[in-house]
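All chains, please: the whole structure from these sequences, using the hints.
Residues in the sequence shown are numbered from 97 upward in steps of one, following our numbering.
Just so you know, these hints were derived from the structure itself, not from any lab. One or more of the hints may lead you astray.
[Unchecked claim] SDA-like mimics (lysine to any residue), calculated; alpha carbons at most 20 Å apart, straight line:
1. 235 to 451
2. 246 to 213
3. 434 to 463
4. 434 to 403
5. 162 to 140
6. 246 to 215
7. 162 to 408
8. 130 to 310
9. 235 to 222
10. 434 to 446
11. 512 to 528
12. 208 to 475
13. 434 to 247
14. 162 to 105
15. 246 to 446
16. 235 to 429
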Amino acid sequence: MSSFSGLSTALSSLIAQRQALEVAGQNVANANTKGYTRQRVDMQSIQALTAPTMFSAQVGAGTGVKVVGVERLGDIYLDARLRAETGTASYTAGRADALARLQTTITEPSDKGFAATLQAFWAGWQDVANHPDDAAARKVLIGAADNALKQIADGYRAVQTQWGQARTTLDTLTTEVNTTAQAVAHLNEQIRSILVSGGSASELMDQRDQHITALSSLVGAQARQRDDGTIDVMVGGNALVSGVRARPVAASGGYVMGDSVELVWAGATPAQSIGLTGGSMAATLESLRPAAGGNGGAIAEAAQRWNEIATALADTVNAVHTTGLTTAGTAGTEFFAKDAVLPAALGLSVAVDVDGIAARGAGTGPLDGSIADAISRIPTTTPGGADDLWAAFVVDLGVQTRSAEQRAGVTEAARKTAENLQLSQASVDVDEEMVNMLAYQRAYEGAARVMTAIDEMLDVLINRTGVVGR
Numbered sequence: 097m098s099s100f101s102g103l104s105t106a107l108s109s110l111i112a113q114r115q116a117l118e119v120a121g122q123n124v125a126n127a128n129t130k131g132y133t134r135q136r137v138d139m140q141s142i143q144a145l146t147a148p149t150m151f152s153a154q155v156g157a158g159t160g161v162k163v164v165g166v167e168r169l170g171d172i173y174l175d176a177r178l179r180a181e182t183g184t185a186s187y188t189a190g191r192a193d194a195l196a197r198l199q200t201t202i203t204e205p206s207d208k209g210f211a212a213t214l215q216a217f218w219a220g221w222q223d224v225a226n227h228p229d230d231a232a233a234r235k236v237l238i239g240a241a242d243n244a245l246k247q248i249a250d251g252y253r254a255v256q257t258q259w260g261q262a263r264t265t266l267d268t269l270t271t272e273v274n275t276t277a278q279a280v281a282h283l284n285e286q287i288r289s290i291l292v293s294g295g296s297a298s299e300l301m302d303q304r305d306q307h308i309t310a311l312s313s314l315v316g317a318q319a320r321q322r323d324d325g326t327i328d329v330m331v332g333g334n335a336l337v338s339g340v341r342a343r344p345v346a347a348s349g350g351y352v353m354g355d356s357v358e359l360v361w362a363g364a365t366p367a368q369s370i371g372l373t374g375g376s377m378a379a380t381l382e383s384l385r386p387a388a389g390g391n392g393g394a395i396a397e398a399a400q401r402w403n404e405i406a407t408a409l410a411d412t413v414n415a416v417h418t419t420g421l422t423t424a425g426t427a428g429t430e431f432f433a434k435d436a437v438l439p440a441a442l443g444l445s446v447a448v449d450v451d452g453i454a455a456r457g458a459g460t461g462p463l464d465g466s467i468a469d470a471i472s473r474i475p476t477t478t479p480g481g482a483d484d485l486w487a488a489f490v491v492d493l494g495v496q497t498r499s500a501e502q503r504a505g506v507t508e509a510a511r512k513t514a515e516n517l518q519l520s521q522a523s524v525d526v527d528e529e530m531v532n533m534l535a536y537q538r539a540y541e542g543a544a545r546v547m548t549a550i551d552e553m554l555d556v557l558i559n560r561t562g563v564v565g566r
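Right, here's the structure in full:
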C-alpha cells in the first residue's frame, strides 16, 4: 500500500464517521417522535489490496472502512406481539364500552329507576283497593301506569339510539380501515422502489408500522413480511393488503335494530363475510348482532328484555283485571292495550279510564277492592313477572359490564407490557446516543490526525528528500 493510499484510508473513515454522526443526530432529533425506530450505521472494513506490487508486504492492512447500510433496530417478533395485544385490547375495550353505555340507560339503583316506578304502580293499585270509590286514587293509578309505560318506551328508545350510533360508527370505521389499508399499500410501493435502488426507507417503514398497528386496533390485523421489503396485512385469514394492492371492505346490512350486519369484502360476488377475531370493529359488530335468546348482541338483547318486561307487565295485569268488575258493574276489560305492529315496549298503552278500572270482584259490592288488591300483589304472587324480569336484567347487565371492564383492564395491561418491550428495543435512548456520538467524534478526530500525519510524511518525502546538507 502506497503512502498516498493512506490518505484514501483516512478519508474513508472521515466519511463513515460523519455518516454515523448524522444517523445519531437523526436519532436524537426523533427521540420524542411517536413510532420512530432508532437506527444504526452498519460499517464494514475494506479489505487489503490483493494485487502484488514491488514493495507490498506479505501481510497487508485493510484500506479503510465503508458504510454498507443503515439498520432499523426494531424487532419483528415484538412488533407482532404488540399488534396481537393491541387487537385484543381494542376488542375488549369496545365491548366494555358498549355494555357500560347500556348500563347508563337503566339508571339503577336510583329512586327514579324503573324499579321505583313499578313500586309506585303497584302502590297505586293498593290505594285503589283501600279506597275503591276514590276517584283521586284511580287518577293516581292511571298516572303511575302511564309513567311506567313511558319509562319502558324511553328505555327501549335509548337502546335503539345506541344501536343506531353503533351502526353509524361501523360505517366510519369501515372508511378508516380502507383509507389506512390504501396508505399501507402506497407505502409498500414507495419502500420497494427505494430498496431496489439501494436507498434507505427507514422513515417510511416507521410510518407503515404505525398504520399497521392502527389496523390491528381496528380489525385485529397481523403482518407478514415479504422478501422485497413490502408487508402483507392479514385480516380474518385473508389479505387486506397484498404488496402494493389494498382490498377494500364494506359494512353490509340494514340500519334497523334486528337487521343482520356484517363486514364483507367489497365487490365480492357472492358476498364474503370477514370473520374478525380482534379490534374495535369486532366489538362493534358483536354489539350489533340480532337478539338470539340471550346469545345475541348486547344492544338487541337489552331491547328484547324491555319487550319481555312490557309483555309480562301487560299480561299479568290484564289476566287479573279482566276477571273484575268496574264501579258500574260491567265486566273488566284489558287494562293495557298492545299495538300489533310496534314492539311491545313501544306499543303498550292504558286502555281504560278512571271508571273503567275493574277493582271489585264478581258478586261483590261497589266498595270491594279485591281485584285491585290482587293486582297489587302480583310481584309476590306471580313469579317471572315484570319485577323479576327487571331485577334479572339489571343484575345480568351489571355482571356482564363488570366482567367486561375487568377483562379490558387485563388486556390493556398486556398491551402496555408489549408496548414497553417493543419500545425498549426500538425507541431512542438519548444517553446511549450521546455515547455513540462521542465515539464517532473521536474516531473522526483520529482519522483526521492520521490524514495529517500522512500529509506530513509526504511533505518530508516530496519537499525535503535530497536536500540534506544544503
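Unmet hints by their number, sorted upward, for this structure: 3, 7 and 11
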